[in-house]
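Peer 1: Each chain, letter by letter, is given below.
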Amino acid sequence: MPTTPVTWRLGQGAGWRPQLDGALARAGGLGFIEVIAEAIGAHHVPAGVAAAIERGLQVLPHGVSLSLGGAERPDPARLAHLASLAERVNAPLVSEHIAFVRADGRESGHLLPVPRTREALDILSENVAIAQAALPVPLALEHVAALVEWPGAEMDEATFVAELVERTGALLLLDLSNLYANAHNHGYDALESLARFPLDRIAYVHVGGGRLRDGVYHDTHADPVVPGVLALVEELFSLADAPGVLLERDDDFPPEAELVAELRAIADAVRRGREQRVRA
Amino acid sequence: MSAPDREAYAARQAQLLDALLRGGEPPAGFDAAQAGAAGSSLRRKRARAVAQAWPALALELGDAFGACFDAYARAVDAPPYGAPREDGLAFARSLRHVTPLGDDARAELLLARAELRRRGVFAGAAWLRRPRRRLLVVVRLPGLGAVHRSVPRRHPRRD
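Protein chains in written order, with the working numbering: chain A, 226 to 505; chain B, 10 to 168.
None of these hints come from the bench; they were simulated from the model.
Mixed in with the good hints, there may be bad ones.
[As the list claims (entries may be wrong)] Selected chain B positions facing chain A (in silico; Cβ < 10 Å): (1) Asp14; (2) Arg15; (3) Ala20; (4) Leu29; (5) Ala37; (6) Ala44; (7) Arg52; (8) Arg53; (9) Lys54; (10) Arg55; (11) Gln61; (12) Leu120.
Just so you know, even glycine gets a beta-carbon here, dropped at the ideal spot from N, CA and C.
All chains should be modelled from the sequences, with the hints used to inform the complete structure.
Peer 2: And the structure:
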């Protein structure tokens, strides 16, 4: 599969949400924001997002409802919406998830994992190819945090994602909080797994907050980023560079100073990781 | 490479999804505790969105909101993606036979019923007790949207 070379630079980013509009407009040093594609109407760009474009920030649409890991082929209307949004905000790329969100006409309301099997890879690859053909810009794929695992896995997550990216030529949206959550909840070593993701295919990186509840780590995006995730940011940048790192906060929005401090902690982890790589 | 069997794949996903949404036994081979956590997480996420779209109802139910919503969510699927107003309306209606609602929640319910009526005429009223006794009247007309007025109860004559 021909692959798109990763040539862009994004820098530090944050998920744009209406509740964060003011704080993100005032936060210095941001290079990009991400918008949830389904939260934006047709033929429309929210004023805060338009203002960010004016200030020179890049805007990346992030889809949550294509259900690329579902049994159905992706819906042309949803693809057309994502494509149109990409053009409206002049996006360098768009992203979606390696997940299913509906089956048999019923909506899950959230991203659910797919079985890590050859059969699922075949279906995903077909669906991704359909999406790529309908989109005007490259597509990046994000692996999800999964509280439940399918039985009969034929490979681990890093191998599965690497295989999908290889087959489709898609880019990788590496979510370090999802990696942390899955490693914690399913009992494997996040650092060892990280090194086997296709790091040369990273479009950008997600970092989000979460919390432990009854021993299970929940990727809530409504809590602070835990130290273990910041350690993964540092480890990643000690292994490879990535075009951008984005903070996702979706709920229980913190005071502005806390948000700024969290952005700074992420930038510091990136810098520490890069310094290790340069020294090595 | 032969074409993948999308039908069998669809059936397996539908079985898992049903177990997660209803909080039932997961299909064979799944870890029941993991599936339970995943199902609770889906219902909690849904509850959170409804609580934010229905602040008076959430405030009134307080700590009972979570358990009440969980019971409703196991029985009733969410409307298509991202419709917490509609979801909350169905939830509030499901509570009518469970617990009496207070003034603020009944006012919120009445206004939502008018707002979410897609076509035709809506007219409804509710007696509210605080801060003063009054009748809340809500009317929705095609093209005009919903309007509401409070009609104060005539002050009782004092002898």
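Peer 1: Now tell me, hint by hint, if it's right for this structure.
Peer 2: Hint check results:
1. Asp14: holds (7 Å)
2. Arg15: holds (5 Å)
3. Ala20: Holds: closest Cβ of chain A sits about 8 Å from alanine 20 of chain B, inside 10 Å.
4. Leu29: holds (7 Å)
5. Ala37: With Cβ-Cβ at 8 Å, under 10 Å, it holds.
6. Ala44: For alanine 44 of chain B, the interface hint holds, since the closest Cβ of chain A sits about 5 Å away, which is under 10 Å.
7. Arg52: holds (9 Å)
8. Arg53: holds (9 Å)
9. Lys54: Result: holds, 6 Å to nearest chain A Cβ.
10. Arg55: Holds, because the Cβ-Cβ distance from arginine 55 of chain B to chain A comes to roughly 5 Å (cut-off 10 Å).
11. Gln61: holds (8 Å)
12. Leu120: This interface hint is violated because 22 Å lies over the 10 Å limit.
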